[in-house]
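**Q** Both chains are sitting in their own frames, so use the hints and assemble them into the complex.
If you read the sequences in order, they're chains A and B. The first sequence lines up with residues 1 to 147 when you count with our numbering. The second sequence lines up with residues 1001 to 1458 when you count with our numbering.
Be aware that a few hints might be false.
Claimed, not checked - Taking lysine-lysine and the PhoX-like style, the derived pairs with C-alpha atoms no more than 20 Å apart in a straight line are: (1) Lys1413/B / Lys129/A; (2) Lys129/A / Lys1117/B; (3) Lys1356/B / Lys1413/B; (4) Lys1357/B / Lys1378/B.
No lab work stands behind these hints: they were computed from the structure. Quick caveat, the model's predicted, so the values are computed rather than measured.
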Amino acid sequence: MSTPEVMHVERSNYLATVADLKNQGYEMCVDVVGVDYLTNPDRLLPEGVVAERFEVIANLLSISKRTRQRIRVQIPEDDPSIETLFFLYPGSEAMEREVYDLIGIRFLNHPDLTRILLPEGWEGHPLRKDYSMGAVPVQFKSVNKAV
Amino acid sequence: MVENTNTSRTADGAVEVPESYALVSETSEGPQELREQEETGRYELAAEFGSTLRLPEGVDVDPGDIDIEFSDEKMIINMGPQHPSTHGVLRIMMELDGEVILRTKPIVGYLHTGMEKTGEGLTYLQGPTNVTRMDYLSPFSNELVFSLATEKLLGLELPDRASWIRMLMAELNRCSSHLMWMATNGMDLGSSSMMIYGFREREMILTFFEKVTGLRMNHNYIRPGGVAADLPDGWEDDVISLLETIPGRLDEYDELLTGQPIFRERVDNVGIITSEQAVALSATGPILRSTGVAWDLRRDMPYLHYDQVDFDVIVGSVGDCFDRYSVRLNEIRESLRIISQIVEKMPSGDYKTQDKKVTPPPRVRIDESMEALIHHFKIYTEGYKVPEGEVYVGIESPRGEIGCYMVSDGSAKPYRMHIRGPSFVNLQTLPTMLRGGIIADAVASISSVDPVMGEVDR
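Excised from the complex, chain B in its bound form (with noise of 0.2 Å):
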């Protein structure tokens, strides 16, 4: 057995190490959970109240100097894990002063299933299964981005239409996602009408992505070295008929949500952040577009092919939870440019690369070559192997910045597999949006950040 040692915190926050310390029997850190101020040390207190931003001035911020009055009447509430507002299993602990909240912190992982650690043990082509599950509402982009890494990883070069095919179903994922978001946001903020509407435009689109994969979410779809099949026959009306549907039903959305006063109240001006602290706390996508940085890796740093396609990123000017739900709306819209401009510009050719090694051979040769037999064999429980080196691949996710982060080692299974979830970074800029704020903001704040549990947890 190990032995326990305990690790204790001096005055000012660092961690003292004890000499004699056997790192993985280091299992009492201390708790995770939102502490009373007094028992916080200086610089933890400082990062909760989100005034180190203002660096290096904010190391030495004295917490009595933090411009918020305090009272006696201080108390720390917990909300979630089960909570209906927490978008899944995210457990939130405040600390208010009566109405206002002063410190916040997110706890996550309580859905937390090891994901990277499943991926290292998966190969290559059983890869996107796992990762297709960690931000559930956009399975293609973290299919995308683990097959855009392994492909670095092995030079590979794709045909154009897989590249085109991809972009069409990253596309409509991302109205699908947005639009998903926009039904639980108007739920939270209490429109449940928009939470029917939204869900029955994303319905279309997951019936779309059901007629191309098979399945309405976690497709394994995108694959490295291309997609898994082609697109159906008469795709292209089933994509034009959602193009003809949704920009009317979007107009009902501003009808019914961006020109009314209850729903304006809710989030004018409410959690606002600027894009210093957006830009200080690593958030991306519409975080820090609402706060007015136009960044947008589709543009900025294109991949695929989205340096053929036209369209605009859209950017906020406040940064509050209005201009992350226009932001959201007006992403859809400018989906739905860039999925037209696909439709006219799909070409025609493969829809995976003719690279043996790592595409199998079709079923029909199976049946007529003892080679093609063995290669699907050996590509099925094997996989293929892929030089020895590491990348970063990061695209432009609904929700922002995906990265995956591989490690090979020259064998057919990732050595290291990170992904770099988008919720999980944004998420830190929650204490510095409510704060500040009246507790019956919170959900409006909460819901804009968009978290997707599975990926902060993953």
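Chain A on its own, in the form it takes in the complex (with noise of 0.2 Å):
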């Protein structure tokens, strides 16, 4: 199996990264992953790279070349948002909103950055660590007030 190659940038980078590796013939983007790493904040990462709660995964395919590309992006936990790879590749829309969704990352610039899986008026994120899981009672619009 051929291995794909992990590259570490800083969000400020990001897009331009993505956009450059676009060019190079990464004509796919196969997914975007968030990750929350609050519980596990010493993890094995790359010297340079400083930890933060949340990262970002894009990853990118060649059918070209044949390879694989991922890129990671640790993204603190005061400010959760990237910018969208909506402009360079249509097909990140749908991801880049299960990541909203789920994990709770804003996207910036996405055209429509709305819950996919959930009803909108959930309240938090489920996939990230500090939200319990199966402690909170079933939530729907009608029950919520605030909507």
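**A** Here is the structure:
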């Protein structure tokens, strides 16, 4: 199995790096994932990369070169936002909405940053580590007054 | 209680973020439904028209310039989530001008069960039980991608036979999934005999699955380290009888559908998508191949032993519903070709790794050895620890690239387990396929995407 290359970039360089990679032949954005590292701050990271609470991973694929490239970006807790890839890869639209919905990272300039899997009006972002599992009663729009 | 802050949109669709927002409390991002054009931001409108595909010009597209004539007869109609042709609980909102579809927005989430969150609470041994329920028409792909990701983290070498068994099951699963698609597609287009035939052939494959794994669906058969059990005695005969029966049935489908004018009228030049659009929208699998891009992970990034079998990647040329139909039909033939090679090449040996770390001791050892009993108990209660790291593995499921992004923090449970669902991503092509078409063709296009809602919503 071909091993994907992993690349760590600063949040400010994220869009430029991805645009650069697109020009180098990475035609497709396969996946955008968010991870909440709240309980794992001492994870393995290469030197020079400062661990933050969140991480966004964009997974690019080059059909012509048959390679993958993963771009990992650290996102601080106090400002969980990052530029959208939508204008480079329109296919990232739903994936970024999913990350927003479940992890709560904002994608700046995303055309339609709404929840996608959970109903609107849902409180919290379930894939965050401080969102407890099983202890929250099921919420529905009509139950919640503050919609 | 957390205070509720509101966000608002500026005229160009960008979201204004208030300074003092508490993100967790932010729950009113706005409705997910398709809104009237007047209320929709420019970027969003461009996205819904699919015009952003022509970037960077697309960003500056004025909705008024888009080449469909607008009248005042615009109407937004809702289809689903309880519609028989949406293959589950897919809800689609369409803006119509008379009979012509202008904008479409698929709205998903009605089957969301938080499987990724659940996956964080299950050990690696329990994980496949969870993921197998995502894409319930091709459960083996889910289990396979989960197991491959775990094994990659563990750095585990698989015994040959385990890999070949996995390939056998994955390919049979591709057949059964495509047969199911042929059946439902036939049903959507008004051919109810196709529906019966498709289910009949699928049932034969499921009977074999039941013999091997004990279950017709949701097998939990492929596990990290190998497969749960060896193939039963006489499995070759069962597979060979499948190999003998199905090709003839496929020729019957050809007769029933491929050459039939009524069917062709419904699918020819309907829901066309170009290869540039498919690549830009991250579509994979039969949708991408129907546009002429020969991209199949089995060939282009081989996993298991796919580099040792001989098969063709089927591509279309137009990218319409008929191409997607014929790609799937012929993929069944290619899968059968692979299966016959697997039957010939199936090696003998272990069906799971002998690495004591991930494989529990056999049942007989438990009766005679205290250590084996402890070991067995430990594996099933605590699981095994997986080295810290993060991996992404992508494989070709019947619907496209299914990927597993797994993060381990060194404990016995995944720290983060993300499945990249091919149907979820492929659904994004729907607005492009439907745009400018007529509403009567919508069902044909929706069906040709082959969404499995269990995987879309996870």
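**Q** Now tell me, hint by hint, if it's right for this structure.
**A** Structure-based check of each hint:
1. Lys1413/B / Lys129/A: Answer holds: Lys1413/B to Lys129/A is near 14 Å, not above 20 Å.
2. Lys129/A / Lys1117/B: holds (9 Å)
3. Lys1356/B / Lys1413/B: Holds, because 18 Å separates the two Cα atoms, which is no more than 20 Å.
4. Lys1357/B / Lys1378/B: The hint holds at about 10 Å.
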